[in-house]
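S.K.: Working from the sequences, and respecting the hints, build out all of it.
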Amino acid sequence: MTLGELASSQLVSGKLAKNSSIAVIGAGPVGAGVTKALIHENWFGKIKIFEKRSGFGGLWNYTKPVFKKQNITACPSIPCELPQGKNEPHISQENGIVFQTAVYKYLDTNVPRLLMEYENFPFPAGTPLFPVREQVFDYIVDYSKEVEQYVHFNHEVVSLRYNDSQKKYLVSTKNLVTNHSQTEEFDAVVVASGFYDLPYVPDRPGLKEWHAKYPSSVSHAKDFDAPEDYENVAGEIIVVGNSASGSDLAFELAGHLKRRIHKSKRSESLMPAGFDERINDVADVSRFDPDTKTVYFVDGSKVSNVDKIIFCTGYLKSLPFLPTISQAESQGDKILASLVTDGGQVHNLYNHIVAYNLPTLGIIGLPKYVLPTRLSETQGAWLARVWSGRIELPSLATMLHYEEWFMKLNGPGRAFHDLKFPMDVQYSQRLNQQIHDAGNDGYFGVEWTSDQIKIRSSIQPLKEAHLAYLKETGKRASSIEELIERGYFQWPDNAITSVEVGEAVP
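The sequence shown begins at 1247 in this note's numbering and counts up by one.
Mixed in with the good hints there might be a few duds.
The calculated lysine-lysine pairs, modelled on DSS-like cross-linking and capped at a C-alpha distance of 27 Å, are [stated by the list, open to error]: (1) 1614 x 1414; (2) 1351 x 1548; (3) 1294 x 1511; (4) 1554 x 1414; (5) 1580 x 1314; (6) 1294 x 1391; (7) 1454 x 1310; (8) 1261 x 1292; (9) 1413 x 1264; (10) 1310 x 1554; (11) 1314 x 1351; (12) 1700 x 1721; (13) 1454 x 1504; (14) 1454 x 1292; (15) 1261 x 1414; (16) 1580 x 1420; (17) 1454 x 1314; (18) 1539 x 1459; (19) 1391 x 1459; (20) 1351 x 1700; (21) 1504 x 1264; (22) 1700 x 1580; (23) 1666 x 1614; (24) 1414 x 1294; (25) 1413 x 1580; (26) 1666 x 1511; (27) 1315 x 1351; (28) 1554 x 1511; (29) 1294 x 1351; (30) 1314 x 1554; (31) 1511 x 1539; (32) 1580 x 1351; (33) 1539 x 1454; (34) 1504 x 1315; (35) 1721 x 1504.
FYI, nobody ran anything at the bench for these hints, they're computed from the structure.
M.R.: So, in structure tokens, the structure goes:
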């Protein structure tokens, strides 16, 4: 039998015995969603959530003022291109441990609240069309209260290992308040801790030397809080990156400082962005010259007298509690060690969720360009049914084909988990179809309606209309109808109301 024939015939089962134990790593927006699905499956005997923070909210906790005061940075090094262990700055306070997050002072959402909402859990009446960070935080905390009895706050997972003979995970945690450590056994583990901890700062010629000479001049978007922090910057400011954070930070800086802001970009952004004529788009960075404080770009242009460089270049895939290859003592450990290598993608997963060589490990919230709140419920409902045996995993060959298909589509590395519209809708609805086929019991995530698909296909002009309305009136629109009535928005000709969903991919 050939390797291909063996893979075709090899079935992989993720079914757990009744009353099995589940560890969930993370009680943020994604952890709360998946836990509700696990609870409602009525199959698992013990569900235990470990959350390093002292409360709910995850990355929507606003902690920048605490870290600015102590001049703590999120980057372990400049540049930062590999997931080199753990770097999560945190501070002890009276009410618990505070971790740095990417949320900044004037942040609002890039998607309307109608698409962010969990199943049967709307935002409070009066919430604007694009909620601000405080409103999102309160919403997530309210949603999460149902799972509070399962959560152990101030508990950081420091190690995850697998015992081959007993088919158990060894989850080692540390109580960050008491410093007490312990190790517990679980039948399955959900990783729901997110991937917005370790900043990615790509290397360019001269960057190390620049940072050594002007250490306070280079930062990552995770350290950004408010444009007023840059009021005393005399020289030029360059924002590196053209995705959501890059566009937003450049817009905030130009509007508040009323001065030119350079934004370096490799390609056009699919994300909505506010318009300000003071934003000067430049090409990708080619090199840094610290001696002359000049940044050169790939098209031959340059900007001199540069005082601040803000990298808005995303985050590395980092799960520091996983073993390295050199630490692996079991076959299961080797599988865990293979998941994260260079920080570009998470390897060897089916559906961006299940480790196909170790299907009792699930990762929730990995895809990019999705609606993570609602998707966490759908992914969680699918995973809960896999583990209860109501959804059967396909053959190993099919799962390998799935990964190969994505590799051809997106390429390896940082873009591998991208689900740009309409792939995000196709992915979610395919999971929902399998969930419904498994029967009526259990938890169900949000279904995409034709109205929601129409909004999803029009997010870029819709958010840009919101920003223009806010800039000119000082008001936050409460609905799409308000923007239409005031003449700021009209449905684009390419808006669509349906998406074809294939059986296998994406």
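S.K.: Hint by hint, note whether the structure agrees.
M.R.: Hints and how they fare:
1. Under the criterion of a C-alpha separation no larger than 27 Å, the hint pairing residue 1614 with residue 1414 is inconsistent with the structure, at around 30 Å.
2. Of the pairs offered as hints, the one joining residue 1351 and residue 1548 is violated, with about 31 Å between alpha carbons and a cut-off of 27 Å exceeded.
3. Restraint check for residue 1294 and residue 1511: not satisfied, since their Cα atoms lie roughly 43 Å apart, outside the 27 Å limit.
4. Between residue 1554 and residue 1414 the alpha-carbon distance is near 49 Å, which puts this suggested pair outside the 27 Å criterion.
5. Only pairs whose Cα atoms come within 27 Å are accepted, and residue 1580 paired with residue 1314 is rejected, the gap being roughly 39 Å.
6. This hinted pair checks out: residue 1294 and residue 1391 have alpha carbons roughly 15 Å apart, not beyond 27 Å.
7. Proximity of residue 1454 to residue 1310 is assessed by CA-CA distance (about 26 Å); at most 27 Å being required, the pair is judged to hold.
8. About 16 Å separates the Cα atoms of residue 1261 and residue 1292, which keeps this hinted pair within 27 Å; it holds.
9. Note on residue 1413 and residue 1264: the hinted pairing holds, with a Cα-Cα distance of about 15 Å set against a maximum of 27 Å.
10. Distance hint between residue 1310 and residue 1554 is fulfilled; the C-alpha atoms sit about 19 Å from each other, no more than 27 Å.
11. Of the pairs offered as hints, the one joining residue 1314 and residue 1351 holds, with about 12 Å between alpha carbons and a cut-off of 27 Å not exceeded.
12. For the given pair, residue 1700 sits about 24 Å from residue 1721 by alpha-carbon distance, which is consistent with the 27 Å threshold.
13. At most 27 Å may separate the alpha-carbon atoms for a hinted pair to count; residue 1454 and residue 1504 exceed this at roughly 30 Å.
14. Distance check on the hinted pair: residue 1454 and residue 1292 sit about 49 Å apart at the alpha-carbon level, beyond 27 Å; violated.
15. Between residue 1261 and residue 1414, the direct Cα distance comes to roughly 14 Å. Compliance with the 27 Å bound is thereby established for this hinted pair.
16. Between residue 1580 and residue 1420 the alpha-carbon distance is near 23 Å, which keeps this suggested pair within the 27 Å criterion.
17. Our distance criterion of 27 Å between C-alpha atoms is met by residue 1454 and residue 1314, whose separation comes to about 23 Å.
18. Note on residue 1539 and residue 1459: the hinted pairing holds, with a Cα-Cα distance of about 10 Å set against a maximum of 27 Å.
19. Between residue 1391 and residue 1459, the direct Cα distance comes to roughly 48 Å. Violation of the 27 Å bound is thereby established for this hinted pair.
20. Under the criterion of a C-alpha separation no larger than 27 Å, the hint pairing residue 1351 with residue 1700 is inconsistent with the structure, at around 30 Å.
21. Between residue 1504 and residue 1264 the CA atoms are separated by roughly 62 Å; this puts the pair beyond 27 Å, and the hint is violated.
22. Distance hint between residue 1700 and residue 1580 is unfulfilled; the C-alpha atoms sit about 44 Å from each other, more than 27 Å.
23. With a CA separation close to 8 Å, the supplied pair residue 1666 and residue 1614 stays within the 27 Å bound.
24. The hinted pair formed by residue 1414 and residue 1294 meets the criterion: a straight-line CA distance of about 15 Å does not exceed 27 Å.
25. Between residue 1413 and residue 1580 the CA atoms are separated by roughly 14 Å; this keeps the pair inside 27 Å, and the hint holds.
26. For the given pair, residue 1666 sits about 19 Å from residue 1511 by alpha-carbon distance, which is consistent with the 27 Å threshold.
27. Distance restraint check for residue 1315 and residue 1351: the Cα-Cα separation of roughly 15 Å lies within the 27 Å cut-off, and the hinted pair is therefore satisfied.
28. A hinted pair counts as satisfied when its Cα atoms are at most 27 Å apart, and residue 1554 with residue 1511 qualifies at roughly 16 Å.
29. Restraint check for residue 1294 and residue 1351: not satisfied, since their Cα atoms lie roughly 33 Å apart, outside the 27 Å limit.
30. Taken as a hint, the residue 1314 and residue 1554 pair is honoured in the structure, with Cα atoms around 16 Å apart against an allowance of 27 Å.
31. This hinted pair checks out: residue 1511 and residue 1539 have alpha carbons roughly 20 Å apart, not beyond 27 Å.
32. For a cut-off of 27 Å, the pair hint linking residue 1580 to residue 1351 is broken: about 42 Å separates their Cα positions.
33. Among the hinted pairs, residue 1539 with residue 1454 is consistent with the structure: their alpha-carbon atoms are about 13 Å apart, no more than 27 Å.
34. For the suggested pair residue 1504 and residue 1315, the alpha carbons sit about 26 Å apart, so the restraint of at most 27 Å is met.
35. Taken as a hint, the residue 1721 and residue 1504 pair is honoured in the structure, with Cα atoms around 20 Å apart against an allowance of 27 Å.
When held up to the earlier numbered hints, the structure conflicts with 1, 2, 3, 4, 5, 13, 14, 19, 20, 21, 22, 29 and 32 and fits the remainder.
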